[in-house]
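Sequence lines, in order, name chains A and B.
Just so you know, we're using my numbering here: the first sequence kicks off at 1481 and counts up by one.
Just so you know, we're using my numbering here: the second sequence kicks off at 1481 and counts up by one.
There's no promise every hint is true.
Pairs involving identical chains hold if they fit within one copy or between any two copies, as the list cannot separate such chains.
Straight-line distance between alpha carbons at most 35 Å, and here's what the computed DSBU-like set of lysine-lysine pairs gives [unchecked claim]: (1) Lys1913 to Lys1533; (2) Lys2001 to Lys1559; (3) Lys1969 to Lys1533; (4) Lys1632 to Lys1665; (5) Lys2001 to Lys1865; (6) Lys1913 to Lys1665; (7) Lys1559 to Lys1874; (8) Lys1559 to Lys1913; (9) Lys1874 to Lys1710; (10) Lys1632 to Lys1874; (11) Lys2001 to Lys1771; (12) Lys2001 to Lys1710; (13) Lys1665 to Lys1710; (14) Lys1913 to Lys2001; (15) Lys1771 to Lys1632; (16) Lys1874 to Lys1771; (17) Lys1913 to Lys1632; (18) Lys1533 to Lys1559.
Worth flagging that the hints you see were computed from the coordinates, not collected in a lab.
There are 2 protein chains.
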Amino acid sequence: MSAGAGGLPLWGPDEELMFQLFEVADLEQKLTTGVFGGHDRDSVVEILRVARKIADDVFAPLGPLLEEHPPQMVEGRAKLHPAAIEAVHQVRDAGFFAAAFPEDAGGLDLPFSAHSAAGAMLSAANAGLAAPSFLTAAAANLEMAYATEDQKRRFMQPMIEGRFFGTMCLSEPHAGSSLADIRTKAEPLPDGTYRITGSKMWISCGDTEGCENIVHHVLAKIPGGPPGVKGISLFIVPKFRVDADGQVGEPNAVGLAGLNHKMGYTANTNCVMAFGDGGECVGELLGEPHKGLAAMFHMMNEARIGVSFGAAALAYAGYAASLAYARERTQGRPIDNRDPSSPMIPIIEHADIRRLLLRQKAYAEGGLALCVASADLVDAQRVAKEAGDAEEAKRLHLLLEFLTPILKAWTSEKGLVANDHAIQVLGGYGYTKDYPVERLYRDNRLNPIHEGTNGIQAIDLLGRKCVMEGGAALRIFAQEVAATIEEAKASPTCAAYAAPLTEAMGRIEATLGALAPLMMKGEAGRALANATPFLEMAGQTAFAWIWLRQALAAERAAAAGRVTEDFARGKIQACRYWFAWELPQTAHLAEQLAAVEPSWAEMDEAWF
Amino acid sequence: MSAGAGGLPLWGPDEELMFQLFEVADLEQKLTTGVFGGHDRDSVVEILRVARKIADDVFAPLGPLLEEHPPQMVEGRAKLHPAAIEAVHQVRDAGFFAAAFPEDAGGLDLPFSAHSAAGAMLSAANAGLAAPSFLTAAAANLEMAYATEDQKRRFMQPMIEGRFFGTMCLSEPHAGSSLADIRTKAEPLPDGTYRITGSKMWISCGDTEGCENIVHHVLAKIPGGPPGVKGISLFIVPKFRVDADGQVGEPNAVGLAGLNHKMGYTANTNCVMAFGDGGECVGELLGEPHKGLAAMFHMMNEARIGVSFGAAALAYAGYAASLAYARERTQGRPIDNRDPSSPMIPIIEHADIRRLLLRQKAYAEGGLALCVASADLVDAQRVAKEAGDAEEAKRLHLLLEFLTPILKAWTSEKGLVANDHAIQVLGGYGYTKDYPVERLYRDNRLNPIHEGTNGIQAIDLLGRKCVMEGGAALRIFAQEVAATIEEAKASPTCAAYAAPLTEAMGRIEATLGALAPLMMKGEAGRALANATPFLEMAGQTAFAWIWLRQALAAERAAAAGRVTEDFARGKIQACRYWFAWELPQTAHLAEQLAAVEPSWAEMDEAWF
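Kindly generate the complete structure, drawing on both the sequences and the hints.
Below, the structure written as structure tokens:
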């Protein structure tokens, strides 16, 4: 097996993703529906094998080189190390830009969960290198939903083929998360196109190399439209203009104003873009005028699942690396043996190292499991829609709406703690660039920030998802959890977890019972001030649920001989850890939340 | 006020350290004893003013430049950016190498607490630049305790003058924390010196520029001595030999084998050293043979207080920077105002930003307060000793012994969370090198690792400090906390915190009641497996104590007009936060600890 810096692996056994896709989620059942072409378990396994090979053999070994040679801005354009371009081409040539698209568009009809799982291995090996393919696929997916046939032919199709890359351009320098305040302007031109002028910030792959064109998906305002978010439209703005035949022609005035120099995630570019500066920048409306934000939000759930996969994958990479290190590195002796002439032991035998590893396992595999389960809901929705079952599709949609902010925030928060622990296992070595774990930590620090900061996720959860459609989304989640609890009651290993999970769900409901009335009677500000601890409570509970699901699935699979006994025991022990040390934290959170504890709400600015 | 990258300050109001030194600790009383030369409040204030000026005007502006130009190894020697050398010389010329030494040695007779407070400002501005002066002072202090008069004249005196720099050489590549297993050898030579051969790892400032000589303090084994830690001796090993007159002569064979490339703390070197490779390396015994570890441990408490100051200082720098950013940056609107034509508000008005700031304040100022209180114990011990009060000196010593592992681990754990929050306040900008907060986070990640990993601190606390001298250290700590609780009961603002802190102390005692018998009856391994959550419980409780002390001191000082009402309200609010959201976490920890919860203790290696 090839590996990252210091000879350490950046992924664990193949068994792990198989378990998540086929034992915790039920991908096999979805494959039988015919919605995903002719895929069966074997074809999915084969595609994951290809992704792993690129991750291990191409991505992982490049880590140190690309750290030393990050993208540069040369004569107004982004310049990448040739190895970075070549690596992305290997992903494209293996079909991963196209994989999740229908066969008639040149794709592989791969379920979203399987495609995301493949992406997780690539992200673990090098998050920056994995980004272009998944960003481009997301952009093509956006066009799939909203573009005209003509636009699909000229922009979406070349993105699916990986000839064009795609971006999303939302934020602006003066208004990061506040899309109501964007200033980028789109003025109608006589031929039905628009003149785009303005600056965009934080644009991943905004300028890059290795493609014929870059298709930007830009939020802008058409003058005269409604103020705020209701006046936002979405535009296709290519780096080079594309004629009616799809031929790439003259440059559009899409300027690279600068590269952001990041603490991590350095293998790709993050750009400040200037549209219409020193020339005419022409864009085409995508979807309806003033409905741009809705279109973007249509994609947001999947983008946030993508961020979550990235966060969990980086956590899992650190776990795999530090586990391998801990098995090999010898140091010290057992607590009860102070004989200095006895041989040193592998550090995995020290209890505190096992604690650091078990917590990583709990955060990383818990995150992966919740990611796969969420991606599975996307696939399940598609199955339900194609079967004409609108009610089930709606139910799955609401469940995913509820889970998304929890998933995004909690995989990224806990994933970062996992990466912190990976460094700690390696000690001083972990703090050096000779080993990959410090890079994983730097890379992962982005995930609590982008695609909606975790503070925004918290407000989304408490202020929107918990109360939407009369609380329907929360009720559906509660039903799912209740089903797992019922299953647990029948398992000798897991029955003890039924009561504490029931209590934790009760705390969420009781807290909402205290906060929802405040939100209704015009005191939303007071209630939402504590949105983050509420999300923390929900996150700890959702992870408890997914760990219980994993423990139950592991027990089933081991009994049927589909996973090893050791694998199952590991899952059951991590579940035990969660219920002993993590879930109980929700009790005191619930107490403070119910009291609407006001420490920061009432903290006067002058007191800081 | 000068500032770091992005124009953000890296320190808060001068009031803060004054408050810690003179209101929470009682430095004024110690100054009246005459033990610290002629110092009074004004002279201490003046020295702190000088440190702040260097921090603001010299250190802080250098951050980005030194990030771009880290030390390099050129022709076998460390090469630094000239600005880094110049900055360290300014610290030396201002007297900070010498400050804590007696006047007759060329020092300023400054109390340890005041010297450390000055160092905190320098560390906040640039941790790497602050290191040489404080390392050298620690090395000189070690010689002060153990060296012969001749050694003091030839090595200690030039270190105090800042002509020589000093290092500590403990770890070796194959045995980081396991000093029993060091292999560096010291063979007696006919003239009473020793031939030193071996490799040392993680040597801060092991090779550097800007000094006439580097005095290494090296742990090594004299052949034939006892095995393990009982056979470790301590040696003075200069880079250049020093003759009887103190003249610097020919090179000693002290080789730089390599520089460690760290994720942070990049302004100074961290080295792999090779002693006696390709030449004769001569060392002089410091103290008695085979008593080297005891000598090193004599210094360890102060070194660990130094690490803690660094961790708290970096946390405070991030707090100051993100607070300034949050006051200026506008984005979004209040939750209850969705009118997009209304002006955007400074982000400090958003509750979740206030949460991130208040938590930083709680971690950073709580850390600083515990650091100053601990440094104050060092000064108090000196006062007691000079007054001939051996009993009081012993009491203070035991209290410091108990506090040290908590202080080191908990300021570094919580300090890092504070730095994480500083990034989050700045959002995407926080993730870039245009602002200082990502650097602070990288710098601070070292602190949970060096001077004994936090896992080792936890074992030290539970396995040694809690049970030493029949539990005397814990009893003394409990008495200190009880005194604060008594004081709180008389304060209308703070009386409510008396009961929860009493309960938290009760939990520590009850937990020990459950674990101590295990340790006694040969099951230390089982009990110590949970040492880290025990330290977590102790850390949360110690911070609660110090926050209550701060709240009480602030109330007193505000009533007497020595601090502003706003300053006091901020302290009281942060105390409130701690008791609402942090201290209650100890309840579920105590429950698991009392049950000797075995998730990781029983996690089989094959299950990972």
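Verification of the hints:
no. : hint               : result
1   : Lys1913 to Lys1533 : both (24 Å within a copy, 34 Å between copies)
2   : Lys2001 to Lys1559 : neither (55 Å within a copy, 65 Å between copies)
3   : Lys1969 to Lys1533 : neither (41 Å within a copy, 66 Å between copies)
4   : Lys1632 to Lys1665 : within (24 Å within a copy, 73 Å between copies)
5   : Lys2001 to Lys1865 : neither (38 Å within a copy, 65 Å between copies)
6   : Lys1913 to Lys1665 : between (44 Å within a copy, 30 Å between copies)
7   : Lys1559 to Lys1874 : neither (45 Å within a copy, 65 Å between copies)
8   : Lys1559 to Lys1913 : both (24 Å within a copy, 19 Å between copies)
9   : Lys1874 to Lys1710 : within (25 Å within a copy, 71 Å between copies)
10  : Lys1632 to Lys1874 : within (27 Å within a copy, 80 Å between copies)
11  : Lys2001 to Lys1771 : within (30 Å within a copy, 71 Å between copies)
12  : Lys2001 to Lys1710 : within (25 Å within a copy, 71 Å between copies)
13  : Lys1665 to Lys1710 : within (14 Å within a copy, 75 Å between copies)
14  : Lys1913 to Lys2001 : neither (54 Å within a copy, 44 Å between copies)
15  : Lys1771 to Lys1632 : within (19 Å within a copy, 78 Å between copies)
16  : Lys1874 to Lys1771 : within (22 Å within a copy, 74 Å between copies)
17  : Lys1913 to Lys1632 : neither (44 Å within a copy, 39 Å between copies)
18  : Lys1533 to Lys1559 : within (27 Å within a copy, 41 Å between copies)
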